[in-house]
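Engineer: Now for the letters of each chain:
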Amino acid sequence: MEKQQALFNYLLRLADSSLILGHRLSEWCGHGPVLEEDIALTNIALDFVGRANSIYVYAGKVEDKGRSEDDLAYMRNERNFFNNLLAEQPNGDFAQTILRQYFIDTYEIHFFEELSKSKDEMLAGIAAKSLKEIQYHIRHSSSWMERLGGGTDESNRRLQDSLNEIYRFTGSLFETNEADTVLAAEGIVPDLTTIQGKWQKDIDAKLEKSLLKKPENVWMQKGSLQGKHTEHLGYILAEMQSLHRAYPGVKW
Amino acid sequence: MTKDNQGILWEVFVQTKPGLPHKHCGSVHAPDKEMAIQNARDVYTRRSEGTSLWVVPAEAITASSPEDIGSFFEPANDKIYRHPTFYHVPEGVKYL
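Each protein sequence line maps, in turn, to chains A and B. For the first sequence, position 115 matches number 114 in numbering that gives the first Met the number 0, and the numbering has no gaps at all. For the second sequence, position 5 matches number 4 in numbering that gives the first Met the number 0, and the numbering has no gaps at all.
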């Protein structure tokens, strides 16, 4: 795989994951359990959508076919989206949202730390900027993990049910393809296997602290890098892209 | 009356620039102080309005009541000799 192609592919992966998760979090707008959480979750959603925007802009330049960030976000189908499978999972209840968020925040704090050392200046810059946001995100989700896990019987049960349900999608965070090999060789992207080790260690510790039982013998769902997604992505895109699908080429 | 399960009420004070006093800007609900600080940050400093945040349980604040305005604050206005502007500092006095 040629380097420009690999970089474009990798950037889409990062941007798609940010956009889909940002969209999922925005679904909480007006529905938060308390006012402060409504604001917190939507603030976090904005961080993700903003990051997706920056990365799509860069991706458009790398591809060099004149596609703008809007073209990339709104004019591709499910088979051409490369977000990880965890991002597209439903919000569920507050516990499931927090759990999904914690899995992703733990991944991102390690991943973006490494990415900020990238030989690609643009990518390193985006990563450094994202790190400040991620430090806040993980503080939020981490606090809630312990409070929900160690709270009431109901909050612990809800968190455990969510864990049993979505743990199988965490493997998707560490999927790799040829792009990883090409780009890692040039010091542009981090090695996901080392990050996976750190992630697993943090997760195991947090699950124990939150009085949760890690599911055993879980088959990890994969396929996101080939555009193979759970059925949820179809509905997400149908809603998110509905304006552009109804009025192709629309401008404000 | 339905039970309010929003948690404890906290009053929020934001300092816009280092050295300036913290100003009261509103309140948040949260179950404990860590969540209170995070919620206050989300609600009141989202657009970089501050460098420092304080949260105080609303219970900890003792406030004067409106009925007290008379006895607390008015006598001072009558006694002009108590105001710093009453005494004229003579020329030549340098380090008062």
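Keep in mind that a hint or two might mislead.
[As the list claims (entries may be wrong)] DSS-like mimics (lysine-lysine), calculated; alpha carbons at most 25 Å apart, straight line:
#1 Lys250/A <-> Lys212/A
#2 Lys200/A <-> Lys213/A
#3 Lys131/A <-> Lys78/B
#4 Lys250/A <-> Lys131/A
#5 Lys131/A <-> Lys32/B
#6 Lys32/B <-> Lys208/A
#7 Lys2/A <-> Lys131/A
#8 Lys118/A <-> Lys205/A
#9 Lys250/A <-> Lys116/A
#10 Lys205/A <-> Lys32/B
#11 Lys60/A <-> Lys250/A
#12 Lys227/A <-> Lys116/A
#13 Lys250/A <-> Lys205/A
#14 Lys131/A <-> Lys213/A
#15 Lys16/B <-> Lys128/A
[Unchecked claim] Taking beta-carbon pairs under 7 Å as the criterion, some of the chain A residues facing chain B (in silico):
#16 Asp37
#17 Gln134
#18 Ile137
#19 Ala245
[What the hints assert, rightly or not] Non-contacting residues of chain A with respect to chain B, defined by C-beta distances greater than 12 Å in every case (computed):
#20 Thr41
#21 Leu45
#22 Pro89
#23 Glu120
#24 His139
#25 Ser142
#26 Arg146
#27 Leu162
#28 Gln199
#29 Lys221
Derived from the structure by calculation, the hints contain no laboratory data. Where a beta carbon is used, it is the ideal one built from N, C-alpha and C, also for glycine.
Engineer: Next, verify each hint and record whether it holds.
Structural biologist: Verification of the hints:
Of the supplied pair hints, the one linking Lys250/A and Lys212/A is violated, its CA atoms being roughly 50 Å apart against a limit of 25 Å. At most 25 Å may separate the alpha-carbon atoms for a hinted pair to count; Lys200/A and Lys213/A meet this at roughly 12 Å. Taking the CA atoms of Lys131/A and Lys78/B, the gap is about 54 Å. The hint is violated against a cut of 25 Å. Pair hint Lys250/A plus Lys131/A does not hold up; C-alpha atoms about 32 Å apart against a cutoff of 25 Å.
Of the pairs offered as hints, the one joining Lys131/A and Lys32/B holds, with about 22 Å between alpha carbons and a cut-off of 25 Å not exceeded. Taking the CA atoms of Lys32/B and Lys208/A, the gap is near 20 Å; set against the 25 Å cutoff, the hint holds. Annotation: proposed proximity of Lys2/A to Lys131/A is violated, straight-line Cα distance about 29 Å (limit 25 Å). Distance check on the hinted pair: Lys118/A and Lys205/A sit about 33 Å apart at the alpha-carbon level, beyond 25 Å; violated.
Pair hint Lys250/A plus Lys116/A does not hold up; C-alpha atoms about 37 Å apart against a cutoff of 25 Å. Simply put, Lys205/A and Lys32/B have alpha-carbon atoms about 21 Å apart, close enough for the 25 Å limit, and the pair holds. Proximity of Lys60/A to Lys250/A is assessed by CA-CA distance (about 20 Å); at most 25 Å being required, the pair is judged to hold. About 30 Å separates the Cα atoms of Lys227/A and Lys116/A, which puts this hinted pair outside 25 Å; it is violated.
Pair hint Lys250/A plus Lys205/A does not hold up; C-alpha atoms about 46 Å apart against a cutoff of 25 Å. Distance restraint check for Lys131/A and Lys213/A: the Cα-Cα separation of roughly 29 Å exceeds the 25 Å cut-off, and the hinted pair is therefore not satisfied. Restraint check: the Cα-Cα separation between Lys16/B and Lys128/A comes to about 22 Å, which is no more than 25 Å; the hinted pair holds. For the restraint placing Asp37/A at the interface with chain B, the shortest Cβ-Cβ distance is roughly 10 Å, beyond the 7 Å limit, so the hint is violated.
Look at Gln134/A: its Cβ only gets to about 12 Å from chain B, farther than 7 Å, so that hint breaks. A distance limit of 7 Å between C-beta atoms decides the matter here; for Ile137/A the minimum to chain B is near 11 Å, and the interface restraint is violated. Checking Ala245/A against chain B by beta carbon gives a least distance of about 32 Å; that is not within 7 Å, so the hint is violated. For Thr41/A, the non-interface assignment is contradicted: its Cβ lies about 9 Å from the closest Cβ of chain B, within the 12 Å cut-off.
For Leu45/A, the non-interface assignment is contradicted: its Cβ lies about 9 Å from the closest Cβ of chain B, within the 12 Å cut-off. With a minimum CB-CB distance of about 23 Å to chain B, Pro89/A clears the 12 Å threshold, and the non-interface call stands. Listed as a non-interface residue, Glu120/A keeps its Cβ farther than 12 Å from every Cβ of chain B; the least gap is roughly 25 Å. Distance check on His139/A: its Cβ comes as close as 6 Å (rounded) to a Cβ of chain B, failing to clear the 12 Å threshold; non-interface status is violated.
Residue placement check: Ser142/A does not keep its beta carbon more than 12 Å from all beta carbons of chain B (closest about 6 Å). With a cut of 12 Å on Cβ distances, Arg146/A falls inside the contact zone with chain B, its closest approach being about 7 Å. Distance check on Leu162/A: its Cβ is at least 22 Å (rounded) from any Cβ of chain B, clearing the 12 Å threshold; non-interface status holds. The claim that Gln199/A is not at the interface with chain B holds, since no C-beta of that chain comes within 12 Å of its own (minimum 26 Å).
No Cβ of chain B approaches the Cβ of Lys221/A within 12 Å, the least distance being about 34 Å, so the stated non-interface status holds.
Comparing the model with each earlier hint shows violations of hints 1, 3, 4, 7, 8, 9, 12, 13, 14, 16, 17, 18, 19, 20, 21, 24, 25, 26; every other hint is respected.
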